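Visitor: If you read the sequence shown in our numbering, its first letter stands for residue 205, the second for the next number, and so on.
Simulated from the structure, these hints should not be mistaken for laboratory data. Remember, predicted model here, so these are calculated numbers, not experimental data. Hints may be right or wrong, so weigh each one.
[What the hints assert, rightly or not] Simulated pairs of lysine-lysine, DSS-like, Cα-Cα distance not exceeding 25 Å: (1) Lys-384 to Lys-508; (2) Lys-333 to Lys-384; (3) Lys-268 to Lys-682; (4) Lys-274 to Lys-682.
[To be verified] Okay, the calculated beta carbon distance ranges per label pair: (5) Gly-442 to Ala-370: 36 to 42 Å; (6) Tyr-486 to Arg-385: 54 to 60 Å; (7) Ala-575 to Gly-697: 28 to 34 Å; (8) Gly-771 to Pro-353: 56 to 62 Å; (9) Leu-210 to Asp-745: 23 to 29 Å; (10) Leu-212 to Glu-363: 46 to 52 Å; (11) Arg-401 to Ser-252: 34 to 40 Å.
Where a beta carbon is used, it is the ideal one built from N, C-alpha and C, also for glycine.
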Amino acid sequence: MADPHLDLLNPEQLEAATAVRGPVAILAGAGTGKTTTITHRIAHQVSSGTFDAEAILAVTFTEKAAGELKTRLARLGVRGVEARTFHAAALGQLSRLWATYAGEPLPEILDSKAPAIAGLANALPMPHKFVPRRELASEIEWAKNRRVPPERYLDALGERVPPIPAELMERVYAGYERRKRAMGRMDFEDMLGLAVRLFAEHPAAAETVRARFSAFTVDEYQDVNPLQQALLDAWLGGRDELCVVGDDYQTIYGFTGASPEHLLGFARRYPNARIVRLEENYRSSPEVLAVANRLAPALGGFDKQLRATRPSGPAPLVHSVTGEDAEAAFVLEAVRRLHASGTPLEEMAVLVRINARTEPYEEAFAGAGIAYQVRDGAFLRRPGPRAALARLRRAEGGVAEAVEAATDALGYDPRTEPDADEEVTRQADLGRLRQLAAEYAGASPAGDLEGFVAELRRRFSTETEGRGVQLLTYHRAKGLEFEAVFLPRLLDGELPFRSGRSRAPVDEERRLFYVGLTRARTHLAITWPLDTRTGRSPFLDGIAAAEPRVVAQPRARGPKVTVTAGGELFDALKRWRLERSKVDGVPAYVVFHDATLASIAELRPRTRDQLRSVPGVGPAKLDRYAEEVLEVVSGGKG
Numbered sequence: 205m206a207d208p209h210l211d212l213l214n215p216e217q218l219e220a221a222t223a224v225r226g227p228v229a230i231l232a233g234a235g236t237g238k239t240t241t242i243t244h245r246i247a248h249q250v251s252s253g254t255f256d257a258e259a260i261l262a263v264t265f266t267e268k269a270a271g272e273l274k275t276r277l278a279r280l281g282v283r284g285v286e287a288r289t290f291h292a293a294a295l296g297q298l299s300r301l302w303a304t305y306a307g308e309p310l311p312e313i314l315d316s317k318a319p320a321i322a323g324l325a326n327a328l329p330m331p332h333k334f335v336p337r338r339e340l341a342s343e344i345e346w347a348k349n350r351r352v353p354p355e356r357y358l359d360a361l362g363e364r365v366p367p368i369p370a371e372l373m374e375r376v377y378a379g380y381e382r383r384k385r386a387m388g389r390m391d392f393e394d395m396l397g398l399a400v401r402l403f404a405e406h407p408a409a410a411e412t413v414r415a416r417f418s419a420f421t422v423d424e425y426q427d428v429n430p431l432q433q434a435l436l437d438a439w440l441g442g443r444d445e446l447c448v449v450g451d452d453y454q455t456i457y458g459f460t461g462a463s464p465e466h467l468l469g470f471a472r473r474y475p476n477a478r479i480v481r482l483e484e485n486y487r488s489s490p491e492v493l494a495v496a497n498r499l500a501p502a503l504g505g506f507d508k509q510l511r512a513t514r515p516s517g518p519a520p521l522v523h524s525v526t527g528e529d530a531e532a533a534f535v536l537e538a539v540r541r542l543h544a545s546g547t548p549l550e551e552m553a554v555l556v557r558i559n560a561r562t563e564p565y566e567e568a569f570a571g572a573g574i575a576y577q578v579r580d581g582a583f584l585r586r587p588g589p590r591a592a593l594a595r596l597r598r599a600e601g602g603v604a605e606a607v608e609a610a611t612d613a614l615g616y617d618p619r620t621e622p623d624a625d626e627e628v629t630r631q632a633d634l635g636r637l638r639q640l641a642a643e644y645a646g647a648s649p650a651g652d653l654e655g656f657v658a659e660l661r662r663r664f665s666t667e668t669e670g671r672g673v674q675l676l677t678y679h680r681a682k683g684l685e686f687e688a689v690f691l692p693r694l695l696d697g698e699l700p701f702r703s704g705r706s707r708a709p710v711d712e713e714r715r716l717f718y719v720g721l722t723r724a725r726t727h728l729a730i731t732w733p734l735d736t737r738t739g740r741s742p743f744l745d746g747i748a749a750a751e752p753r754v755v756a757q758p759r760a761r762g763p764k765v766t767v768t769a770g771g772e773l774f775d776a777l778k779r780w781r782l783e784r785s786k787v788d789g790v791p792a793y794v795v796f797h798d799a800t801l802a803s804i805a806e807l808r809p810r811t812r813d814q815l816r817s818v819p820g821v822g823p824a825k826l827d828r829y830a831e832e833v834l835e836v837v838s839g840g841k842g
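Go ahead and model the full structure; you've got the sequences and the hints to work with.
Guide: The structure is reproduced here in structure tokens:
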């Protein structure tokens, strides 16, 4: 039976869609229409009479993706195909079969690991008791997804650095499993594990599922973990009617236990497999793809060179800026310019490596009255500020003192170098809250706590649900696309990410950068500040078509300046800043960024009015530091 929809596919998609018998691996590059391809393949499996719709199971990683598959199949006139996540499919099978074959009730689902972890975390020694519960839960999930029980956890770690010392993490993991069993509950990883166990111990249960499903399609196969692969193997039962779809260039969830090795090893496992590459890109301009393709050879795996179908667009911007304030100002001005020329705010995105990096953009957009939305949780909704604000409702006294006491009680330590991303964000947020309190107290000596909280809410008030510029992490951006994408803070230590003892796998971090690049349709800007202790990201080597240019620090008035690293006055100002930060109990950058010190060193202000003109010297900092800074400039200190 002919499929009238096949003539809408390009030659690569057509080859994949007409390969109705497995095994098939579709290597779908970013923006190449993989969902279109697999839905047409499934539709053709049905229309050609190869399989009944009810005999096909399509597995995705999110409920949203499963719903999209069903919707598109319905448009093609196909109904009856089961499209589900791994977890939903496993739970459905357990609900039907577990009690019959295992002879006991199926445990209830644990909605969240937090209740079972909370008591264990509270018993941890300082400072580990303040590590976000989500970090501990994620580490447990990593182990369970790799089929590693508590007793083998330490041996399985290898070079992985857990969020707390390994022996403590092992204790939390084992305690969590005991508490969960005592509660008679199962978590989401247990759904898959119990299904694998059911089919291994009860062949009749496995045959029931295999009799129902004859063909399988697995989307995002590069993100499959060992536990999911074990369940897929149980469903297959040695058969090879399998189509997998994925892009090893976009494997970015190694922290969950995912690995591209299942996709990369598909041809070894199935020597008769058909491998189809989708390289015709429908998303990005040729200029954006040129940058992504220059990075591709360093990604390893299957070679894929994306080809543009869209018309030419502007060249991507790849340049440094003098400082973090200048970087936020550059993004703000670019957003204004693009919006004025007709680009909707919702079609612009700022991607960051960790949640803590959204705060400068939240503040910049709010101050400019530009609507924005934070996909991973805005500043005031993140754990650190949220917990601090809760304490401030019961606090008394001065603003700076109350905020210091609240953040101290929450374990703020500017000297710490956390290993976990969440704790890096929490510590940075607490430090920023202290800085904001100090600035507020300096500018409004008579201000009270209620006024400070109101100022915070005003300062970060422009966030809206579903409207405005999108601020999100690289991980959350996967699967999305935008007209304009900004990739700030491309620094060594940020991408690839490093914190404390933790070193993110460089190969996976490079793939994360690739994901960021390929989110852009037309406009792409890559920047990095110069006022940091580290250089630009090594991932930038070789991707720029020309030498990067330096963008000067924006100024309210006066000439542009650039960072002057070194020099006696610059060094003297840094020594003063270090001493003052110790006295204030804050990180050095809270006093002044390097870019601000460099500007002071270059302009050599002699009066308060001259100092006020320096970028980064606001009213509060002017009142607090003016006399000391002017003394250093005049040669009285340092």
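Visitor: What hint numbers does the structure not satisfy?
Guide: Those not satisfied are hints 1, 6, 9.
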